[in-house]
Amino acid sequence: MPLKKRIIVLANSIKHWPGVCIAGREILSSDDGYELGDWIRPISKQGEGELAPSECLLSTGKAPRVLDFIEVPLIKKTGDPLQPENWLVDTSSKWKSINSSYEKPVLTLLKEKPADLWVEPDGRIDRVSSEFLQGKRLKASLRMIHVPNIEARFEWNEWDGRFKQRRRALFSYNGTRYELNITDPEFSERYRSKFPTKGEPACTFTIAPTGGCYLCVSLAPEFNGFHYKVVATIIETH
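Numbered according to the numbering used here, the sequence shown spans residues 317 to 554.
Hints should not be assumed to be uniformly reliable.
[Stated by the list, open to error] No more than 27 Å apart at the CA atoms, straight line, and that leaves these computed lysine-lysine pairs for DSSO-like:
(1) K452 x K429
(2) K393 x K427
(3) K321 x K455
(4) K455 x K320
(5) K320 x K427
(6) K321 x K378
(7) K412 x K393
(8) K452 x K361
(9) K378 x K320
(10) K412 x K378
(11) K392 x K412
(12) K455 x K429
(13) K410 x K321
(14) K392 x K455
(15) K321 x K427
(16) K410 x K320
(17) K361 x K410
(18) K412 x K427
(19) K361 x K392
(20) K410 x K392
(21) K420 x K455
(22) K392 x K321
(23) K410 x K420
(24) K514 x K480
(25) K321 x K393
(26) K393 x K320
(27) K361 x K378
(28) K420 x K320
(29) K455 x K393
(30) K320 x K392
(31) K452 x K393
(32) K420 x K321
(33) K429 x K321
(34) K412 x K320
(35) K427 x K452
No lab work stands behind these hints: they were computed from the structure.
Predicted, not measured: the structure shown is a model, and the values here were computed from it.
Start from the sequences and build out the full structure, keeping to the hints where you can.
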């Protein structure tokens, strides 16, 4: 029998398309309703753990969305010290929507307050070395932070003779300026018209809602000795 965990979804992002990464905070019952527990990221045995869209469909036939409450069948923790929230998903059972069981939380309750986003001295701001992380005893490789605004930059990037679309988020947090890839598909779709035609210069625009932005920032799996930081979710609050 799978172990079933209830979570509030805080990320449903692209990971090696069409693969996805879904993560959230565990829902813990309390006398007053529920509390938020540790981060949980269900992963598969494929590739870097990305989930196929068919592996994370709800029993309703729909995909989970950010701020949904869901019940996920899991097998065990993977024991990865650099992504300690990873759980192996049980693909033999369906995921379940449980939105009717809970009220949406006030977004301020989701906010975490880390001193920084895994900043390595003398390192590049968009990545961190595995060696540096190994001495940190990470509790999670995901963070939900609040910032007053972000700049988004949409551009074409040439890599190994091929052109690929790239979306970057530029923002300040606790006095540090970050520039990270965006992997939030809903944000990309919402501002699709901003993307330049191939050959045109990058398009940079500001997102400054009255209530600021909540960002789910995640460390990707190790690649050539580094873990790249990505913005997996952008929630605009008005």
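Results of checking the hints against the structure:
Restraint check: the Cα-Cα separation between K452 and K429 comes to about 17 Å, which is no more than 27 Å; the hinted pair holds. At most 27 Å may separate the alpha-carbon atoms for a hinted pair to count; K393 and K427 meet this at roughly 25 Å. Taken as a hint, the K321 and K455 pair is honoured in the structure, with Cα atoms around 18 Å apart against an allowance of 27 Å. For a cut-off of 27 Å, the pair hint linking K455 to K320 stands: about 21 Å separates their Cα positions.
About 25 Å separates the Cα atoms of K320 and K427, which keeps this hinted pair within 27 Å; it holds. Taken as a hint, the K321 and K378 pair is honoured in the structure, with Cα atoms around 19 Å apart against an allowance of 27 Å. Proposed proximity of K412 and K393 is supported: the alpha carbons are some 20 Å apart, at most 27 Å. For the suggested pair K452 and K361, the alpha carbons sit about 26 Å apart, so the restraint of at most 27 Å is met.
Restraint check for K378 and K320: the C-alpha separation of about 19 Å stays at or below 27 Å, so the hint holds. For the proposed pair K412 and K378, the alpha carbon gap of about 10 Å is at most 27 Å, so the pair holds. A hinted pair counts as satisfied when its Cα atoms are at most 27 Å apart, and K392 with K412 qualifies at roughly 18 Å. Between K455 and K429, the direct Cα distance comes to roughly 14 Å. Compliance with the 27 Å bound is thereby established for this hinted pair.
Proposed proximity of K410 and K321 is supported: the alpha carbons are some 12 Å apart, at most 27 Å. This hinted pair checks out: K392 and K455 have alpha carbons roughly 17 Å apart, not beyond 27 Å. For the given pair, K321 sits about 21 Å from K427 by alpha-carbon distance, which is consistent with the 27 Å threshold. Our distance criterion of 27 Å between C-alpha atoms is met by K410 and K320, whose separation comes to about 11 Å.
For a cut-off of 27 Å, the pair hint linking K361 to K410 stands: about 17 Å separates their Cα positions. For a cut-off of 27 Å, the pair hint linking K412 to K427 stands: about 25 Å separates their Cα positions. The hinted pair formed by K361 and K392 meets the criterion: a straight-line CA distance of about 12 Å does not exceed 27 Å. A C-alpha spacing of about 17 Å is found between K410 and K392, which places the hinted pair at or below 27 Å, so the restraint holds.
Annotation: proposed proximity of K420 to K455 holds, straight-line Cα distance about 25 Å (limit 27 Å). Of the supplied pair hints, the one linking K392 and K321 holds, its CA atoms being roughly 11 Å apart against a limit of 27 Å. Restraint check for K410 and K420: satisfied, since their Cα atoms lie roughly 23 Å apart, inside the 27 Å limit. Annotation: proposed proximity of K514 to K480 holds, straight-line Cα distance about 9 Å (limit 27 Å).
The suggested pairing of K321 with K393 holds, with an alpha-carbon distance near 12 Å, which does not exceed 27 Å. Annotation: proposed proximity of K393 to K320 holds, straight-line Cα distance about 12 Å (limit 27 Å). Taken as a hint, the K361 and K378 pair is honoured in the structure, with Cα atoms around 22 Å apart against an allowance of 27 Å. For the given pair, K420 sits about 21 Å from K320 by alpha-carbon distance, which is consistent with the 27 Å threshold.
Straight-line distance between C-alpha atoms of K455 and K393 comes to about 13 Å, which keeps the hinted pair within the 27 Å bound. Among the hinted pairs, K320 with K392 is consistent with the structure: their alpha-carbon atoms are about 10 Å apart, no more than 27 Å. Distance hint between K452 and K393 is fulfilled; the C-alpha atoms sit about 19 Å from each other, no more than 27 Å. For the hint pairing K420 with K321, the CA-to-CA distance comes to about 18 Å; that is within 27 Å, so the pair holds.
Restraint check for K429 and K321: the C-alpha separation of about 25 Å stays at or below 27 Å, so the hint holds. Of the pairs offered as hints, the one joining K412 and K320 holds, with about 10 Å between alpha carbons and a cut-off of 27 Å not exceeded. Note on K427 and K452: the hinted pairing holds, with a Cα-Cα distance of about 21 Å set against a maximum of 27 Å.
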